[in-house]
Amino acid sequence: MKVSMTVNGVAVSHDVEPRTLLVQFLRENLGLTGTHVGCDTSSCGACTLILNGEAVKSCSLLAAQCEGAEVTTIEGLAASDGTLHPIQEGFREKHGLQCGYCTPGMIMSSVQLLQRNPNPSDQEIRHALEGNFCRCTGYDNIVKAVQWAASQS
Amino acid sequence: METGKSLAHDSAEIQVTGAALYTDDTVTNAGELVVGFVGSPVAHGVLKRIDLSSLYRIPGFVAAFTWQDIPGVNLFGPVIADEPFLVKDVCEYVGQPIVVLAAENASALRKARPQVQIEVEEETPWLTISQALKQNSFLGTPREIKRGDFEGAWRKADHQIEGVFYSNGQEQFYLESQAVITHPGEGNEILIQASTQNPTELQEVVAHMLGIGFNEVVCSCRRMGGAFGGKETQAALPALMAALVTKKTGRSARIAYDKDTDMHVTGKRHPFRSEYQAAVDKEGNLLGLKVELHSNGGAYTDLSLAIMERALLHVDNAYFIKNITLRGQVCKTHLPPNTAFRGFGGPQGMAVIENLMEDIAAKLRRDPYEIRSQNCYGNSPRDSTPYGQRVESRLPQILNQIHESSDYKTRLEKIGQFNETSLTHLRGISLTPMKFGISFTATFLNQANALINILKDGSIQVSTGGTEMGQGLTVKIRQIVAEELGVPSEQVKYMTTSTEKNHNTSPTAASAGTDLNGMAAANACQAIRARLAEFAAELFADTQVGLSKSPEAIEFSEGKVWDRRCPEKQVTFGELALQAYRNRVNLGERGFYRTPGVGFNQFTGKGSPFHYYTTGACVAEVEIDRFTGQWKLERADLLLDIGHSINPGIDRGQIVGGFVQGLGWVSMEELRYQEDGKLLSCSPTSYKIPNFGDLPKDLRIELYENPAPNGSIRKSKAVGEPPLMLALAAFAAVKQALGHISPGKIVPLAIPATSEEVLRCMTWLEDPEAAWGLTNSEIPLISKPGQSHTNMAEKVA
Ligand code: FES
Ligand code: FES
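So the protein sequences, as listed, match chains G and Y. For the first sequence, my numbering assigns the number 1 to the initial residue and increments by one for each residue that follows. For the second sequence, my numbering assigns the number 1001 to the initial residue and increments by one for each residue that follows.
A hint or two may mislead.
Here are the simulated SDA-like cross-link-like pairs (lysine to any residue), alpha carbons at most 25 Å apart as the crow flies [what the hints assert, rightly or not]: (1) Y:1005 x G:84; (2) Y:1111 x G:84; (3) Y:1688 x G:122; (4) Y:1697 x G:20; (5) Y:1322 x Y:1111; (6) G:2 x Y:1027; (7) Y:1111 x G:126; (8) G:2 x Y:1110.
According to the in silico footprint, chain G covers these stretches of chain Y (three or more CB under 8 Å from chain G) [what the hints assert, rightly or not]: (9) 1013 to 1027; (10) 1160 to 1166; (11) 1305 to 1314; (12) 1658 to 1668.
What follows is a list of derived Cβ distance ranges for each label pair [said to hold, decoys possible]: (13) G:79 x Y:1581: 17 to 25 Å; (14) G:4 x Y:1113: 41 to 49 Å; (15) Y:1495 x G:62: 38 to 46 Å; (16) G:79 x Y:1500: 32 to 40 Å; (17) G:13 x Y:1495: 22 to 30 Å; (18) Y:1088 x G:67: 48 to 56 Å; (19) Y:1401 x G:152: 31 to 39 Å; (20) G:4 x Y:1625: 33 to 41 Å; (21) Y:1110 x G:53: 29 to 37 Å; (22) G:119 x Y:1680: 36 to 44 Å; (23) Y:1570 x G:53: 54 to 62 Å.
No lab work stands behind these hints, which were simulated from the structure alone. All values reported here derive from a predicted model rather than from experimental measurement. For each residue, glycine too, the CB sits at the ideal point set by N, CA and C.
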């Protein structure tokens, strides 16, 4: 079946099997491999992206469900001239990543958090990001990265 | 100075934009096949028949392979080659690969899997240590470390404390599951691209399996999405599968496990059962200790013997024990072969004595801190380990410092008062030390080589056998190289790890990645720098002004080169490189390093296996809900001596990350198996790793200022594994808290101290009759659905 959507501002359209997941559509059809798969059971958050303004786990959505949708992936977060989004900068500056595998999903969830709450407390950050696992950092530096980003605006 | 700076992770810039490539992110090659496998349906059984006949009707299906298709050897293993790649006759764990499948696409592969008919005659499996002991089922021979006369000390002891302590397994849970891609080359050549901590091992096992020379195989790894030991030997099976497909079909092949498959079939941290006897005098001095350790090795040897060895070498932790007998044996069971996981047996060994320290304190009704500090290693003769290595550390000072800085004493008193009055909660605090030996205990592994290439623009490439899994090895090595050559770190690039550039390498493990590879890189840099200094000296020499040629006077700093006696005449490092090239100066070098002075005789249990120790301590305070058994780490103070850190930002990340992983091990990560050997907690929905909410509210990290660190490269110390063991303080604090229920009584608690385990333990302490099941045991097996519910208490027996 044919699926069309706007990904990072670009209209895309592909013929896919109806069972194709959104994350597969991005990774396999569009070659956008920044969105990772950690668990494929909607538990780890590695595949998080922004769909119509909301952070969702792309491993538990069919591409077909996203017909006509507006999708932002980690590849579409920085400005077109390459300037990093403050959250991206925060993760880099504050050692918010180690292996980096959880990072795209973690960043996308943080984007939503700061949109809803530009000045979150430590506890609010911890709560808002609970849906994302990180096995490397022990989370402390992720909290600091988000705080750093919040302090930039 | 380039070292000592908190530079960001090497690939941070591309990791935050999604541009960093993990193995499965690599663009698909034309004609690439998707690989999968069908494994054993049972934990133990005899393979009777494989029927692949209906597979070939599936559109897009390409080929299926069994052991009969293996051109070379069907056995592999890092120490003892006892693990079959594909089952020939006996299946030894659920999911053990039997048939390798290759298809044009994932959907054909999915259709093919259920079409594979496998007939197995099921036999009774044994899964736990207790079951294995009944079967007398072991891997390898027992190991022993012995000093003094334990029996004598035991007879004379004022207090004899004995018991059995259990620590259970843990899943590595790297977020990126196992992934390998293989490509055909000319003739026999094969290229492997893998998420592996040990490219050399993959090179070798694949060559063996294909019956070709090691020199026909190149294995590379750009980065891993976490590993923690789980990609040391466990990357071998997927690599073998993909390589066999490539060999047979002449096409590129890719295998990427999904999380459930990964959790089902890969090895994990070893569960341990430790039976101990401690001889203690009136004052609380540990005069003698005997521990019999058994680990659950799973079906094949893998790294189990080395892990048992490290466990034995860490039972002493920070304590001097004059009379000691340690014996360890690995049990063979019908689980996937258990394997390396951060700490490599060290945590299991240390847990035994930290548990014991709490028990001694409970029995003597003393503050456990006092017991710990009076038994701590100190000056000669109290500085000698059971295996004979001297402990040069500042453990007593570290204990002292954290005791003060954490305000331990006041808090202990307050907690006592709290527990007197609270009806709903219990609190506990504990201070545990940590001493972790750095080096591979297999002495020959303590070597590394590095390649430095300087290009004509002055940019530098460094390659080593070290692999990047998030621990920050690559940025640290760039910093080391930059400092050696006097250029900014940005001028140095760490290249993809590949067996083509660095051969016969050791796994990136044992926390020694930076020590070994950093040293090798520094050695190479020094050789090149000497040549460049020679050349520059000639360049700057000027007889007119009386400047003689003097290589010793050449300075390399911040990307500039000059003669100290004439600083106004400078060239950039790039200009010098170009000039040097034109003058036929060799701008490449291979460095080599072997750790000096290490050696251990595994048969006598004596030697100095470690280059040095990384030490530290932790104070943890916990609060338990008396109704649910749920507990929370309220505050943690961590103090580590990691020498002169090459990158403090990276190292702090390692400390918190390791600590939280350890917290998962002691508190919530619980592997549950069904009686037939099937893992039930096989995904994050049923296996809980720490999340944001599990971080203590108050977390304080300090680096100990050691005036004279005895570390390795640039006086830094290894930091990868040690912090994990600091989490034992949280476990000890839970024991402390529970001790308030029935003072003087020893608290039986196993790792992990899950809410269920804590609740069971609280009930038992109040009324042993009322308790259900066993506290402090191996994790009970779960009966198969439809079968009658076996009494929990009998389960482990
Ligand atoms: S991959 Fe989607 S939540 Fe884990
Ligand atoms: S950085 Fe590795 S999982 Fe988060």
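- Task: May I ask you to test the hint 32 to 40 Å on the CB atoms belonging to residue 79 (chain G) and residue 1500 (chain Y)?
- Result: holds (39 Å)
- Quick one: are residue 4 (chain G) and residue 1625 (chain Y) within 33 to 41 Å, going by C-beta? violated (52 Å)
- Query: Are there three or more residues in the segment 1160 to 1166 of chain Y whose C-beta lies within less than 8 Å of some C-beta in chain G?
  - Reply: violated (count 0)
- Message: Under 8 Å between beta-carbons, do enough residues of the segment 1013 to 1027 of chain Y, three at least, approach chain G for the coverage claim to hold?
- Response: holds (count 12)
- Item | Status of the given 29 to 37 Å range, CB of residue 53 (chain G) versus CB of residue 1110 (chain Y) | holds (34 Å)
- Could you grab the alpha-carbon distance between residue 1111 (chain Y) and residue 84 (chain G) and see if it respects the 25 Å cut-off? violated (43 Å)
- Take the C-beta atom of residue 1495 (chain Y) and the C-beta atom of residue 62 (chain G), compute their distance, and say whether it sits inside 38 to 46 Å. holds (40 Å)
- Please work out if residue 2 (chain G) and residue 1110 (chain Y) have their alpha carbons no farther apart than 25 Å. holds (22 Å)
- If you draw a straight line from the CA of residue 1111 (chain Y) to the CA of residue 126 (chain G), is it 25 Å or shorter? Roughly 42 Å separates the two Cα atoms, so the pair is violated.
- Do three or more residues from the segment 1658 to 1668 of chain Y put their C-beta atoms closer than 8 Å to C-beta atoms of chain G? Holds, because 4 residues of the segment 1658 to 1668 of chain Y bring their Cβ atoms closer than 8 Å to Cβ atoms of chain G.
- Query: Measuring from beta carbon to beta carbon, are residue 1570 (chain Y) and residue 53 (chain G) in 54 to 62 Å?
  - Reply: Check passed, 55 Å falls within 54 to 62 Å.
- Message: Taking beta carbons only, do three or more residues of the segment 1305 to 1314 of chain Y come closer than 8 Å to chain G?
- Response: violated (count 0)
Hints 2, 4, 5, 7, 10, 11, 13, 14, 17 and 20 from the list above are not met by this structure, while the remaining hints are.
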